[in-house]
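This is what each chain is made of:
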Amino acid sequence: MSSLALHKAEPAAGTNPGTAQGPPLRRRIALVPTLTLLLGAVYCLLPVAWVVIASTKSGKELFSTFTFLPGSGFSDNLSQLNAYRDGVYWEWMGNSALYAILGALLSTAVSAFSGYALAVYRFRGRETLFNVLLAGVLMPPVILAVPQYLLLAKADLTDSYLSVLLPQILAPYGVYLARIYAAAAVPADVVEAGRMDGASEWRIFTRIALPMMVPGLVTVFLFQFVAIWNNFLLPYIMLSDDEKFPITLGLFTLLEQGANTPALYTLVITGAFLAVLPLIALFLVIQRFWSLDLLSGAVKS
Amino acid sequence: MSSAARRRPYGVKGAPYAFLLPASLLFLLFFALPIGYAVYLSFRKVHVSGLGLGKNARSEVWAGLENYTDALSDSELVNGALRVLGYGCIVVPVMLGLALLFALMLDSDKVRLAPFTRLAIFLPYAIPGVVAALLWGFLYLPDVSPFYFVLDRLGLPQPDLLDGGPLYLALSNIAIWGGTGFNMIVIYTSLQAIPAEVYEAAKLDGATPLQIALRIKIPMVAPSLVLTFFFSIIATLQVFNEPTTIKPLTNSVSTTWSPLMKVYQDAFGKGDIYAAAAQAVIIALATLLLSFGFLRAANRRQKQEAAR
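These protein sequence lines are chains G and U, in that order. With this note's numbering as the guide, the letters of the first sequence map in order to residues 197 to 497. With this note's numbering as the guide, the letters of the second sequence map in order to residues 23 to 330.
Bound-form chain G, shown alone (with noise of 0.2 angstroms):
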């Protein structure tokens, strides 16, 4: 199809101008795609940097100076968000940590098995059990969450962090990853093998197939760390006790009742800032050693 359409393609491009006008005007073309992409980095870092430079400012300051104006108050801010009853937000920041790394873990090592089981194996419901848990990715939270809520809440484990941990570990989307990642990394004829050494299929697993699916595990885990962490609407279903809330909770509570009192903007901007740091330091220092392009299952061989 698309050679047919190049031929349909050759006059036009024979009517362009021919070497003479070739040079310039391929800089320029080189030229437009940087721009527009500087364009789109600009624009979705400005409310990272709107929101790094508000942190910096006073109360008064937010409002009166212009707003890319670095103020005098970032210290100020902390210690306030620091005594903000008791220092909640620091345990709000935990919660998250634990809420997103142990939800991660789990959610990785049930996506490992799941996936080589799916990659390797050829049994019978294979593709039905994989079609199954895959639909998981379709169903929309809200009718889950909700029920999810009136079914905890008969076991007594609403309000819990079991309550928030709990519905996370499944990931459709995990094991969807894992399963390409370990069909690609994992050879059947190593896993043959280990059979043939004698190896339980157990062993075969953690000890020859598990290093070879790190790399996909990896990715795995930090899309499954940056969905829990940041989940909103099973938390804000879940809990009611503010000292088990995720940071993302948190920082809605702060602002709800910092509407009225502009007082407050400054812990909700300064707590904003030091929520969205985690997370791009995480991105940051993973993207040394880690592509992208794993999180949408590209596998290079």
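Possibly wrong hints are sitting among the right ones.
Here's a subset of chain U near chain G, in silico, CB distances under 7 angstroms, partners left out [said to hold, decoys possible]:
{"no.": "1", "residue": "TYR59"}
{"no.": "2", "residue": "TYR190"}
{"no.": "3", "residue": "PHE262"}
{"no.": "4", "residue": "ALA289"}
Straight-line alpha carbon distances no greater than 20 angstroms define the calculated SDA-like cross-link-like pairs of lysine to any residue that follow [what the hints assert, rightly or not]:
{"no.": "5", "chain 1": "U", "residue 1": "LYS292", "chain 2": "U", "residue 2": "SER95"}
{"no.": "6", "chain 1": "U", "residue 1": "LYS35", "chain 2": "G", "residue 2": "LYS256"}
{"no.": "7", "chain 1": "U", "residue 1": "LYS225", "chain 2": "U", "residue 2": "LEU236"}
{"no.": "8", "chain 1": "G", "residue 1": "LYS256", "chain 2": "U", "residue 2": "LEU236"}
{"no.": "9", "chain 1": "U", "residue 1": "LYS225", "chain 2": "U", "residue 2": "LYS292"}
{"no.": "10", "chain 1": "G", "residue 1": "LYS350", "chain 2": "U", "residue 2": "ASP294"}
{"no.": "11", "chain 1": "U", "residue 1": "LYS132", "chain 2": "G", "residue 2": "ASP393"}
{"no.": "12", "chain 1": "U", "residue 1": "LYS132", "chain 2": "G", "residue 2": "VAL228"}
{"no.": "13", "chain 1": "G", "residue 1": "LYS350", "chain 2": "U", "residue 2": "LEU50"}
The set of hints was computed from the structure by calculation and includes no laboratory data. Glycine included, each C-beta is placed from N, C-alpha and C at the ideal position.
Fit chain U to the given chain G structure using the hints.
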């Protein structure tokens, strides 16, 4: 394979099921059971006898389709659905258009600063929707916003971004900002999977980069475009975090602005879990209907194109 399987039939045969046990259990407990329970609840209601006092005055009974007919005739739910459809009509095309544009630019020859811009555009993915809404929310506030500062200095009119029509744009912008990067990566990855020979032939034929992008690259990444569209529709119709976060900053976002917010409000504000369950089921069905309808239409078109 066969000899090993014969030696230890149980070890090998049972192994995949054992490996899949945790996922299956979690699926049953946290996916299948809640969905089943929601469907069950959607057909129930509370029956109040007498004055509703006393221990046995309130009992749960079958409601038939009552909750569904109530939900479908509830103007607030219908209006919420329309608001979200309007919002989705802005978010999905603009977000994916930008994602495709950036992916094509990243993939073009001689582009400078690509690693930096790629990371910068991807960055919002790492920022929670609530925080994103909070950041933009402040940027929309006249007292704080740099845009208003500039408009003020230039003596231009300053629209209220958090009301009426502009509110849709304001909310859409938050979703577009947050979602473009991830979709860009997905599309860029499939662009990179196109073998170089395809371009070589086109270049020899004298095709310009624009022609290559329009006639080779976009058709070849069509499957991943369809997939990103599919998932974006699902995600957009579930919008909850952004309007909920913006709500404290403006009076124009009601507690039932999006259908999901209405479900939350009915379940936890009013305590009517039966109505909320019916609405959740309707939203889920409508979402799946729309997203799969799109997928079918896209597949049919692709087949037609291939046949031509």
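Against the structure, the hints:
1. At its closest, the beta carbon of U/TYR59 sits 4 angstroms from a beta carbon of chain G; the interface hint therefore holds under the 7 angstroms criterion.
2. With a cut of 7 angstroms, the hint placing U/TYR190 at the interface with chain G is violated, because the nearest CB-to-CB distance is about 19 angstroms.
3. Taking 7 angstroms as the C-beta cut-off, the interface hint given for U/PHE262 holds, the closest approach to chain G being about 6 angstroms.
4. At its closest, the beta carbon of U/ALA289 sits 5 angstroms from a beta carbon of chain G; the interface hint therefore holds under the 7 angstroms criterion.
5. Taking the CA atoms of U/LYS292 and U/SER95, the gap is near 18 angstroms; set against the 20 angstroms cutoff, the hint holds.
6. Between U/LYS35 and G/LYS256 the CA atoms are separated by roughly 70 angstroms; this puts the pair beyond 20 angstroms, and the hint is violated.
7. A C-alpha spacing of about 14 angstroms is found between U/LYS225 and U/LEU236, which places the hinted pair at or below 20 angstroms, so the restraint holds.
8. At roughly 52 angstroms between alpha-carbon atoms, G/LYS256 and U/LEU236 are farther apart than 20 angstroms, so this suggested pair is violated.
9. Among the hinted pairs, U/LYS225 with U/LYS292 is inconsistent with the structure: their alpha-carbon atoms are about 64 angstroms apart, more than 20 angstroms.
10. This hinted pair checks out: G/LYS350 and U/ASP294 have alpha carbons roughly 17 angstroms apart, not beyond 20 angstroms.
11. A hinted pair counts as satisfied when its Cα atoms are at most 20 angstroms apart, and U/LYS132 with G/ASP393 does not qualify at roughly 52 angstroms.
12. At roughly 10 angstroms between alpha-carbon atoms, U/LYS132 and G/VAL228 fall within 20 angstroms of each other, so this suggested pair holds.
13. Proximity of G/LYS350 to U/LEU50 is assessed by CA-CA distance (about 17 angstroms); at most 20 angstroms being required, the pair is judged to hold.
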